[in-house]
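Undergrad: Chain by chain, the residues:
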Amino acid sequence: MDTRPTFYQEITNMMYATHGDPISTCIQCGTCSGTCPVVEFMDHTPRDLIGMIRADLKDEVLASNTYWYCASCFHCNVRCPAHIDIADLMYTLKRYSIWKNQYPEGLIGPTFAETFVKMILSGGRSYEPVLAPAYIFNYGLQGFLNEALTATGLLLKGRIPVLPPRIKRLDNFRRMVGHIIPASNLVGEAK
Amino acid sequence: MKAYAYFPGCSLEKMALSYHQSALECARRLDLEFQELDDWNCCGTTAYFAIDQLLSYTLSARNLALAEKKKLDMVTPCAGCYKNAYFTNVTLKRDADLAEHINEALKEDDLHYAGTNQVYHLLEVFCNDVGVQEIKKRVTQSLNSLRVAPYYGCQIVRPRKDHEEVENPRYFEDLIAATGATPVEYQLKMRCCGGSLLITSRKAAFSMARNLLQNAMDNGAAVIATACPMCQVNLECYQQQINQEFGARFSVPILYFTQLLGLALGASPKELGFGSELVSASAVLAQIRNKETSTTQSPYIRHATS
Amino acid sequence: MSEKVGVYICHCGANIAGVVDVAALSHWAGELPDVAVARDYKFMCSSLGQELIEKDIQELGLTRVVVAACSPHLHEATFRNCCKRAGLNPYLFEMASIREQVSWVTANKTVALEKSKALISGAVHRVIHNQALEPIIVDINPNVLVVGGGITGIQAALEIADAGYHVYLVEREPSIGGHMAQFDKTFPTLDCSACILTPKMFSAGTHPNITLLTWSEVEKVDGYVGNFTVKVRQKARKVNTELCTGCGICEQKCPKKVIDTVFEAGMGLRKAVYTPFPQAVPKYPVMDVQNCTFFQKGTCKACEKFCPTGAIDFKQEDKVVSFDVGNIILATGWDLFDCRRIPQYGYGRLANVYNSLEFERLSNAAGPTGGKVILRDGVTVPQSVGIIHCVGSRDKNYNPYCSAICCMQSLKFAHLVKEKTGAQVYNFYIDIRTPLKAYDEFYQHILETDETRFVRGKVAEVTDAARLPGEEGKLIIQVEDTLIGKQRRIPVDMVILSAGLEPRHDAKEVAKLFGIGCSADQWFIERHPKLDPVATMTEGVFVAGVCQGPKDIPLSVTQGAAAAARVIGLVNRKQVSLEPVRASVNAEQCSGCRICNNQCPFNAISFLVDKGVSEINPALCQGCGTCVAACPAGAITGSHYTNAQILSQIEGILEVELGQREAVPA
Amino acid sequence: MSDNNQFEPVIVGFTCNWCSYRAADAAGMARIKYSPNVRLIRLMCSGRIDPQFVLKALSEGADGVLITGCHPGDCHYVEQNYKTLRRYALLKRTLRQMGLEDNRVRLVWASAAEGRILAEEIDKFVSDVRALGPLNWIKMATTTYVDPAPASA
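Protein chains in written order, with my numbering: chain A, 1 to 191; chain B, 192 to 497; chain C, 498 to 1163; chain D, 1164 to 1316.
Just chain A, same shape as in the assembly (with noise of 0.2 Å):
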């Protein structure tokens, strides 16, 4: 017999410090869906994805663009009937599909998210011309140029820093980051 976890069991696993109850008692009401501001943008409602979920269809969750467009505003978490720790479902299939290094086409919050922890790991603190720059190609010419703008007058005002800001003791913080993630790929990168 295969005693492997299912899909659903994984990420029900995964949602290892979720503050809410777990997602076996959604009753598909469409709160979270309803409340979402970013909802038109998604291929499928927060409410489908549990939906997905508990029918184990790994592939189609896997391919889909919901958690990605995810704001982090936890609007659904306070209004949730059954009290769902919605984001940090979201989160967590970020972390799977990273984890099993698989997501759609074209998206950029994978590779940003990774980039991120990767500033952060190298200096302690983040620092914005790392990020935006970087990803801005994918919004073509047009979007370039605007950002390049938006840039310029952040950096007229002064309020764009030209070094990368660095914490004083990033030695002991990358050994305490070590404890964590000792053999991270994500570390060595990062020295």
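Treat the hints as calculated values from the structure; they're not laboratory data. We put the CB at the ideal spot given by N, CA and C, even for glycine. Accuracy of the hints is not assured; some may be wrong.
To be verified - Every beta carbon over 10 Å from chain A, so not counted as near; a handful from chain C, in silico:
1) V729
2) D892
3) N1114
Unchecked claim - Below are the EDC-like pairs computed for lysine to aspartate or glutamate, each with C-alpha atoms no more than 16 Å apart in a straight line:
4) C/K501 with C/E573
5) C/K1009 with D/D1286
6) C/K1009 with D/E1242
7) C/K915 with C/E948
8) A/K168 with B/D230
9) B/K394 with A/D171
10) A/K58 with B/E227
11) B/K261 with B/D230
12) A/K168 with B/D365
13) B/K261 with B/E204
14) C/K1108 with C/E1085
15) C/K983 with A/D43
16) C/K893 with A/D21
17) C/K732 with C/D815
18) B/K261 with B/E224
19) A/K168 with B/D229
20) B/K394 with A/E40
21) A/K168 with B/E224
22) C/K1005 with D/D1237
23) A/K157 with B/E204
24) B/K298 with A/D171
25) A/K168 with B/E299
26) A/K118 with A/D171
27) B/K262 with B/E227
28) C/K1005 with C/D832
29) C/K983 with A/E40
30) C/K915 with C/E945
31) B/K328 with B/D365
Fit chains B, C and D to the supplied structure of chain A, relying on the hints for placement.
TA: Okay, now just chains B, C and D, sitting in the frame of chain A:
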């Protein structure tokens, strides 16, 4: 003088320097002592949770431990940092095993998280610890009749369920009213501005920001007050691009609430970091000055003195 | 003298036998000292099972019986009767709960067997010390108190009064009738609420066996089944009901208009002296002292001037009346969920968002608009109406339970709106629940004829923030249409919130007053959810209608009648037997220290000064045993819960454990 | 009892007839699985609990005693559970004086609706007593109990 461990967060170093300056200026004028955390690190923001939840907790736990070293409660002006620090604190207090695991890592920096302090957002410190009535007493320059739309955003009130009013809080309005300005009632004050999607899903972010700006305008806002650097950047710096995208003509100043509060407490625009806006706030400043003269010389007083 | 104990182990089908090895258990029990016979049987509570016990008592001369089965709260009475029939005193019987406490809560079969042995061993040890007792017989006062004058209370009162017994019907409001009097139509037949309710109200008001106490509240209840003493506060009406003819002139002449937040749900006005509605029973008005011009400003007295019989009495005071009853029925009803608690639905902020009671008044022909369904501006007929189900129900943020009536109520609203306005109606639901007779047919009828659009999805918010063309000036309902997986924004003119039913705000205090329990949601707890739905754990106190849990009119009426039948049955018996669980003082041993004297909340213990000892009045003693535990001299005995019985049970329970521990050292 | 030779404490529990025994019934009806280490004894009220019952249980081999009753304010006999509460405090002091860990005895309130809460409290108590280890208190001499005949009612 009440003291707090102050955690500014990455954005306030440069991008939102005016928030940093005005927050400290307001604190000074309200007799609060903000001691900046020594060698704080990035809270991890929203993106971090997508990679490693445990690491995200660790990053926030380091900052909490730094605050504990000072034996002070932590205050942060950034809504994102606040949410991460607040929930890390809640989760670690509840989960001793997780705290133990993270403390192993914190040892590398000679730190220890014990869960002895509280985490507050700047708005809470002003509204609850200082109190709206006290602030009202300290106002020296009324912002009379300036129509300010308070923008709560997401992470100050959510996802807390223990919060009294998650859907319709009033403390931001009360604070604005205390400065003598008129808080604008508008429906989307709790809706997400899309800031966290700026880089990954620009179209969605713009559409959300557009809805918000439109709703505030429709209800007669002259300025939007924010309590989060991400919201500020999204709503202000990208206004022009939003105008292009949707053929709109927004030109709304987006100020940090501390900049408005600072003006009311008698600080100069320069002390509050005015001048770095991409959407000019000169009209707002001019209006406050005009109103000032008109209120000091109200028809009644003129009549009485003449 | 050695006792002969019979031990009977029930399989309860597979409920017990599926987890506990009943054969092994019965074999083991047979070996216990003093046990003459041990048997297991499929269903001990069946007539065959009971006959088995009776036969053994008679043929083997058993002197004690132990049944290991379900909870004693379910079948203790059954087996006691069985012993009695076979000639054994029913108190020489013990029960071990190996279903609720073992097989249903234990996964491991070995452990379940051990725990069953421990419980049976405890029961066998205890039963040997049990004493033959006779139940205490008390007379039943035939009078009955019914609390709450809604349709449930009215039904109960009429049934009892018609059976020839006297009823005190106490109602908090000025008139009986309850929520049903506010409704226009009732589902699923759409008959007019007033037409079917008014005759019953009238009968209750004129019945020679019913004493109506409206504008009154129960303040104190003392006593026990058959013998309660009740104190009721009659709030001052400021109207002498001896003189009042109910002509209504005072109300006509009263210059003060007040928003009626009770009967008209805030939709209409009333006067400061008023009857809530024309068919009110009794017909006498009450004066609202908070709003009366005379009471607030010292002048006016228009009502007094015009009253043709001089019935207005500004000096009238509250009056406390006291009377004795044998039984009590609580039918205190419900409060409507406060929709302000869900700010995103806009109730209280957006003028044209109504709650269900407001809509009932709006559509009622006798209501403030004469039954016209119009917007808050008083003229505009809505072109489109959204009805939201499950407001405040089935939601862990508010009430987790289903309010049971909202689906049918919402379907009724959909029909009434369509009939009265021709508007496009939308119903937003999570599930449609129409389980009772003719209910689903009503749903089918709405589907077939009314062109109502049904959208499956819990509404996320109602807003006036227009964003898209066609939304300007409308209320926009934002919802996921879950059947197509799309978020929709539907602009409408009017929104009706089908708000849930909640326990009365003071349900907890009322429960305490009458000595009954409340569930976590604060509904009153019945004795058994299926088999004893109107009795409570307190003998002589019954519950009926929505105060026990959400239900509609037919079920409420059924429960009112059911509670009445239970009460009539008791009263007809004239006497009731009480458990002989009572404390008594052994005067020989009593040192007269009086420590027990202040242990009793029922004042059953008195000190006999001349004899220098304390004494317990068995009629007042409720059998809790607190004084027994308090007596330093051990002079007080609590029958059926004696020290010997309990200490032996402890020994018995632990005997099994020790044996087992020696076998398997930890 | 368990496979890994983990110490399984034996616990005697006292319940009142109205709230906590019914909570145990409710836990059963809801099929909530909880630690089987507790054996319940039904009394009419937690106010009936005589300290000698607790000492008897501990001396006869119980490793812990659980006392349960209605929530304060909800007592079927108006206020008797407050007396239980006071006696409980005294009892804990007595246990300490006798050299016993006073946390081998615990008081838990459970209403008739709180089957889940009772089950959780039982699990918690069992695991806490398990951590304390076996009691092995001196076994009291077994005595024969004779009650006086009840007064005729």
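Undergrad: May I ask which of the numbered hints given earlier this structure violates, with the numbers listed in increasing order?
TA: 2, 4, 5, 9, 10, 12, 13, 21
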